[in-house]
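Engineer: One-letter residues, chain by chain:
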Amino acid sequence: MNNSTKKINRQDLIESLDRLVERANQYLQSWLLKNHFHQVCNQAILLFFVLPLVFLFLQLVRIVTGFSGLSFLQSLGFWQYLGLSLLVPILFVVFKVIWFYLNHKINRRTALSLFDEKLGLKDRLATADEFLVEQDSVKQDTSNKMESIFKQAAIDDAQAFVKPALSAQLDPIKAYKWQGNLLHYLSVPVTLILILLALWMNHWQSTAWSNAETPAFTEVEVEKISVAENKKTPETTKPVQLAQLDKPLPEDVKPLQTKTDKAELDQLLADKKDSSGKSQAGRQADAKSSSNSSNSSGTPSDQSSSANKKNKQKQQTEQKPKKQSQQQQAERNPKQNESQKASSTSGAAQSKSSSRSQSELPTENREDKADPNEEDEGENEEVEDEDEQQKSSSANKPNFRLKKPPANRQMSMPGGTLDLKLRRKASRGGKSGLKKSRGVASMILGIPVPDRIKGIPNNGRTKMVQEKATPKQEDATLSEAEVRAARDNSFGHLQHPELSPWMQDLIKNYFLTIRQQSTETEEGQL
Amino acid sequence: MNVMKDETMGADAAREASAQFRTTYNNIKEQVCRMMVGQDDVIEGVLTALLAGGHVLLEGVPGLGKTMLVRSLSEAIDLPFSRIQFTPDMMPADIQGTSLLIESEDGSHELRFQEGPLVSNLVLADEINRATPKTQSALLEAMQERQITVGKRTIKLAEPYCVMATQNPVEQEGTYPLPEAQLDRFLMKLIVGYPKESDYSSILRRTTGAEEVTVSAASNAEEIIKMRQVVRAVPVPEQAEAYAVRLVMGTQPASDYAPSLVNEHIALGSSPRGAQALLLTAKVKALLSDRFAVSVDDIKAAALPVLRHRLVINFQGQSEGITADQVINDVVASVKAPHGID
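Chains as they are written, first to last, in numbering that gives the first Met the number 0: chain A, 0 to 525; chain B, 0 to 341.
Because the hints were derived from the structure by calculation, they are not lab data.
Among these hints, one or two may not hold up.
In silico DSSO-like cross-links for lysine-lysine, where the CA-CA straight-line distance does not exceed 27 Å [to be verified]: (1) A:K144 to B:K225; (2) B:K225 to A:K121; (3) A:K121 to B:K155.
Computed beta-carbon distance windows for the label pairs [what the hints assert, rightly or not]: (4) A:P496 to B:L110: 46 to 56 Å; (5) A:Q38 to B:A18: 46 to 56 Å; (6) B:P271 to A:N102: 54 to 64 Å; (7) A:Q38 to B:Q146: 57 to 67 Å; (8) A:L59 to B:A241: 49 to 59 Å.
Where is the CB? At the ideal position from N, CA and C, for every residue including glycine.
The following block holds chain A by itself, in its conformation from the complex (with noise of 0.2 Å):
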């Protein structure tokens, strides 16, 4: 009797345990589902900018390409940008959830751990369900009996335990703190304003593509006006119109080829010149360039460069007037242009490339110096030109006009045979005497530095001298023995020598004979 009680009890203890089990199942998995739902919401605000940026993309594809087959993304409105932005997101989260549900399973130990914690059980309820399963599953092991009564003893005693498990209320699942991240709600504007550049892009170009049906002047045909009234009133409008020149033309404009005009920009040019002041700006100019030279010398090579570049501009804005003409009349007859420039060019090539700064201008400076009406102003011009460029640039390059002898580069020791004076002159040094060096020689330090010792000046070693000294007499004077007194004081501690052993027995036996010779005479005496 006592055992099928028992029995039953076993079987409702593992119903009592599968309840347990089913209910904490429900709630732990409806709890975990909440906690990953909210998870999975904050991960997909960042998916909120995905589908914008896609249609961005798209419209700028459409705008570039003109595909007709994105031409959907114009009847798209506002809302319904932000209806399928908020698409890719809720898509996001079904399916993490959905996943969530089917892969998470939630054991058995820890639906019944959930009762334990509650009721402070130490693991009962779990421990138990894991005894009831090893004694179903496996057989007794008879050699250790002892472990195996322990665990039928944990089974019972959970028994106790299962009706106020049973009847506990499991605390209602406490909402979840939202843990937003500044990344996650930089996503909200961050879409909305893809979509509102989405939405501008197609209004954009929509508007861009009407306004291209409807007729309109040219810029061309603009600054032709422009030019020509410009020509009556230069002072005024000018700036306007360079402006306007430096802008890109579209392609259907052609730049300015043909020579007429560029004669007459040039002639604009030219105008604005003399309306600035010829009568000071000429000189101004002059005396700008002869300054700059002169003080570039001392100046970096930057520096120079600059100054260089400044004073090309210069001298090409004087020239302008001059070359204007001279295009005027090689426009006139190019058939004698041409027969001047088979005579010339040669002469003039040799000259020019012998001068760095002059290979250094841009390719359209260069041709026009390559010019052969240029070179009809004769060689005095050229080179004057040239040496404005060369003081201006001499800090950095020798003069080779000058045609002198090379530094000698070699790296011995001249000979002893020659004077000083024509090894100075024959060294690299030059006269100042430092050595200039190549190689690895340059990177010793080139300015003479003075050696410097740190320390305190003395005397040196100490030196001994032994000097003869011829001995000298003195008397010597004998002290005369006195009677003493006793003394009046103590002498203090006196250390007492220890004496060496034969010295210990002479005093022991000296004082033991005056001890014995002492009562040798009393006895006598008695």
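Starting from the known structure of chain A, fit chain B onto it as the hints suggest.
Structural biologist: Frame of chain A; chain B shown alone:
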């Protein structure tokens, strides 16, 4: 039917053994508490180590009753007790024993082995860190193998055998800190602290009064051996075992469960012997809590005394004043039980 009958009887036997265990334990504790006042945790720790079959290291300043605790315990369980006062000039032969040349009645001489103080049931190794490493290592075999080997002679030590060592944390000059291998042999390290203010009056009355306090035997060697068997029989569920393993791994730097404090400040973590010690101690705690299986909470309660002497703090940790107790508390807080409910 027979199986069920056996199960029922077995469960009753387990209940009975568990009840007997608690009764004997409480009796011994009561007797020891007659001598020792205000050191309940230390007494419980020493008794737990004794019943779990381990050795115990007591650390505390002089005058807290460490030696008296061990002496009164030996009286309470009626076991032979020997005390070794370790000094720097002590040699292994002084504690293990040595062969002496003895003259017999007929005038002949023979070598006879004289057992040292290590051959006993309860050994009090007083100020163990004052002995040289050579002498300290003489204890290793006795503590682990429960035997001592002198020359060609091996002596099996009688059960129950327990070494209770004391060391003074203050006077470190002229001491030889115990090596890790020696420390690992101790089941637990107990810190003997100062008693409370309320305990002082009873301590003074008992020690300075006319009445002499005596300890009577509450148990004996056989009963202690039986109690040890009961402790071994307590089953450990999977989750508790897994938690003990995780806890020990949590003290090892660069392991999966190690928190940042361990990774930064620990040079050497606990060995698997630490996990064994955790389970044995947890079993005693489960029996004392009237349970028949170990729980995760039992292991948590055992973590501090069992693991604190098994951790070696690195230089950085020492310079920052990190203690082993801080590290263990951090590990216990960070390592989750396998069921994983927060």
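Engineer: Decide, hint by hint, whether the structure agrees.
Structural biologist: Structure-based check of each hint:
Proposed proximity of A:K144 and B:K225 is supported: the alpha carbons are some 15 Å apart, at most 27 Å. In summary, the hint linking B:K225 to A:K121 is supported, as the alpha carbons are separated by about 26 Å, within the 27 Å threshold. At most 27 Å may separate the alpha-carbon atoms for a hinted pair to count; A:K121 and B:K155 exceed this at roughly 40 Å. Separated by about 53 Å at the C-beta atoms, A:P496 and B:L110 satisfy the suggested range of 46 to 56 Å.
For A:Q38 and B:A18, the Cβ-Cβ distance of about 50 Å falls inside the hinted range of 46 to 56 Å, so the restraint holds. Evaluation of the 54 to 64 Å hint for B:P271 and A:N102 yields a failure: the beta carbon distance comes to about 34 Å. Separated by about 59 Å at the C-beta atoms, A:Q38 and B:Q146 satisfy the suggested range of 57 to 67 Å. At about 57 Å, the beta-carbon gap between A:L59 and B:A241 stays in the expected band of 49 to 59 Å.
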